[in-house]
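Engineer: In this text, residue positions in the sequence shown follow my numbering: the first is 6, and each later residue adds one.
Quick caveat, the hints were computed from the structure, so don't treat them as lab data.
Don't take every hint at face value.
Straight line, CA to CA, 25 Å or less: simulated DMTMM-like cross-link-like pairs of lysine to aspartate or glutamate [as the list claims (entries may be wrong)]:
1. 263 / 282
2. 403 / 363
3. 263 / 275
4. 392 / 366
5. 314 / 393
6. 20 / 90
7. 365 / 376
8. 263 / 300
9. 96 / 135
10. 365 / 304
11. 142 / 66
12. 128 / 44
13. 142 / 275
Pairwise CB distance ranges, derived in the manner of DEER restraints [what the hints assert, rightly or not]:
14. 371 / 251: 35 to 45 Å
15. 194 / 375: 55 to 65 Å
16. 28 / 342: 43 to 53 Å
17. 109 / 303: 45 to 55 Å
18. 94 / 117: 33 to 43 Å
Being a predicted model, the structure only gives us computed values, none of them experimental.
Note that CB positions come from ideal geometry on N, CA and C, so glycine has one too.
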Amino acid sequence: MKIGYPCIPLGVPYKTTRKFLLKNYNEELLYSCIDNNLDDLLNILKYNKSNNILMFRISSDIIPFGSHEINILDWKKEFSSKLLEIGKYAKDNNIRLSMHPGQYTVINSPDLNILKRSIADLKYHCDFLDSLGIDKKNKIILHVGGVYGDKNSAIERFIQTYKSLDKNILDRLIIENDEKNYSLNDLLNISHRCNVPIVFDNLHHFCYEGSIDIKNALKSAFSTWNYDDGPPKVHYSEQDKNKRLGSHSQSIDINNVKEYIDASDGLDFDVMIEVKDKDFSAFKFNNFIQFKDKDIPFEIANKEFNRYKYYLFQRSLAHFNTGRDLLFNEGFYKFYSFLDKSIYDDISTELSLKAFKEFKENFSHLKTTEENYLNKLFLSKDLKKIKDYFLKLSLRYKIPNILENYFLFF
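Build out the structure end to end from the sequences listed, making use of the hints.
Structural biologist: Set out below in structure tokens:
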């Protein structure tokens, strides 16, 4: 089982989403964005590998205006060396990649202009993955689209367009159930007619159906996959209890993960995690399944505790001590269970200020203006402003491992 997350890690200062406005388009700016995006993609994959994260969703913005007619740069040729280097790294390290075109890529639209742009966008995504030299196990995820007042006709348009796509697109394309238009059963009917694999999203399924039978849902979705598509993929997310139905939670809850894994009953599949804390939850999920019945090496346990030590300390010294004892004495499951409950506990202003002052020791070369501004913030005791400024400094100075502190983000 491979675990992954989408697009933008929090724990490192790398991003593959550099872009610019269409009105500012010029080839020099485009070239620079692509060059930096590709460099950071390789850095992200190396970061993921160092944490045993072997699946990653690449942002559609990796090539700005990738499917727009204004982009006439032959980026596949210009950046062929870097693209192949990224692909080689992924293959050498058994990393599975994917892409997920946005909500405006809709191949069942009755509007021919939208349809044309959508097919062009699929071609761009496929061209990018092809340019890495990676096989068809590396997928492009697509929603079926809208209903447009007549669901049966919309399904027919999807199938008709799907069957007309180029083979290299068909080799990569998989479809995902959504929360309001197309259920898992709808997708199974579509798959039966055009042999397209299904990526199952548990939260979307819950929103649509109101209940969920994980084992049967997974078995049904997985039956649509062929051997050369690779292991089936799922999207795993959880409902934010304080927001509208369908809103993703801050983090995974380890008890929900345990229930999901237990219900899957030994099925083999890969998991793309879609929650707000991205790589942190990917590490959490991966640690849980990897060390469920094994002793945890000290360096791995210590690395994970350091990610959350200030987050726990902000709540109380007892939180800090309990979390540490649970992790080192009882393992990841007990630690993460405690951590998940701590989300709802009050934060102490005084302990937070103490944590921030200790954290400040990582920044040994601040400018006088930065130092003065931080001191001003400390006097104000405005925790959000202090946190936001430390996050800004962390991104600016790119101190190794500095961003792997959970309390900077949540």
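Engineer: Are the hints correct? Go through all of them and say.
Structural biologist: Checked hints:
Restraint check for residue 263 and residue 282: satisfied, since their Cα atoms lie roughly 19 Å apart, inside the 25 Å limit. Simply put, residue 403 and residue 363 have alpha-carbon atoms about 18 Å apart, close enough for the 25 Å limit, and the pair holds. Between the alpha carbons of residue 263 and residue 275 the distance comes to roughly 15 Å, so the proposed pair stays at or under 25 Å and holds. A threshold of 25 Å between alpha carbons decides the hint, and for residue 392 with residue 366 the separation of about 15 Å falls inside it, so the pair holds.
Proximity of residue 314 to residue 393 is assessed by CA-CA distance (about 18 Å); at most 25 Å being required, the pair is judged to hold. Between residue 20 and residue 90 the alpha-carbon distance is near 18 Å, which keeps this suggested pair within the 25 Å criterion. The suggested pairing of residue 365 with residue 376 holds, with an alpha-carbon distance near 10 Å, which does not exceed 25 Å. For a cut-off of 25 Å, the pair hint linking residue 263 to residue 300 stands: about 18 Å separates their Cα positions.
Our distance criterion of 25 Å between C-alpha atoms is met by residue 96 and residue 135, whose separation comes to about 13 Å. A threshold of 25 Å between alpha carbons decides the hint, and for residue 365 with residue 304 the separation of about 24 Å falls inside it, so the pair holds. Between the alpha carbons of residue 142 and residue 66 the distance comes to roughly 21 Å, so the proposed pair stays at or under 25 Å and holds. In summary, the hint linking residue 128 to residue 44 is supported, as the alpha carbons are separated by about 23 Å, within the 25 Å threshold.
As the CA atoms of residue 142 and residue 275 are separated by approximately 11 Å, the hinted pair is consistent with the 25 Å bound. Checking the proposed 35 to 45 Å range against residue 371 and residue 251 shows it holds: the Cβ atoms sit about 42 Å from each other. In this structure the supplied range 55 to 65 Å holds for residue 194 paired with residue 375, their Cβ-Cβ distance being about 59 Å. At roughly 51 Å, the beta-carbon separation of residue 28 and residue 342 lies within the given 43 to 53 Å, and the hint holds.
Checked against the hint of 45 to 55 Å, the C-beta distance between residue 109 and residue 303 comes to roughly 49 Å, which is consistent with it. Here the CB-CB span from residue 94 to residue 117 is close to 40 Å, well matched to the stated 33 to 43 Å.
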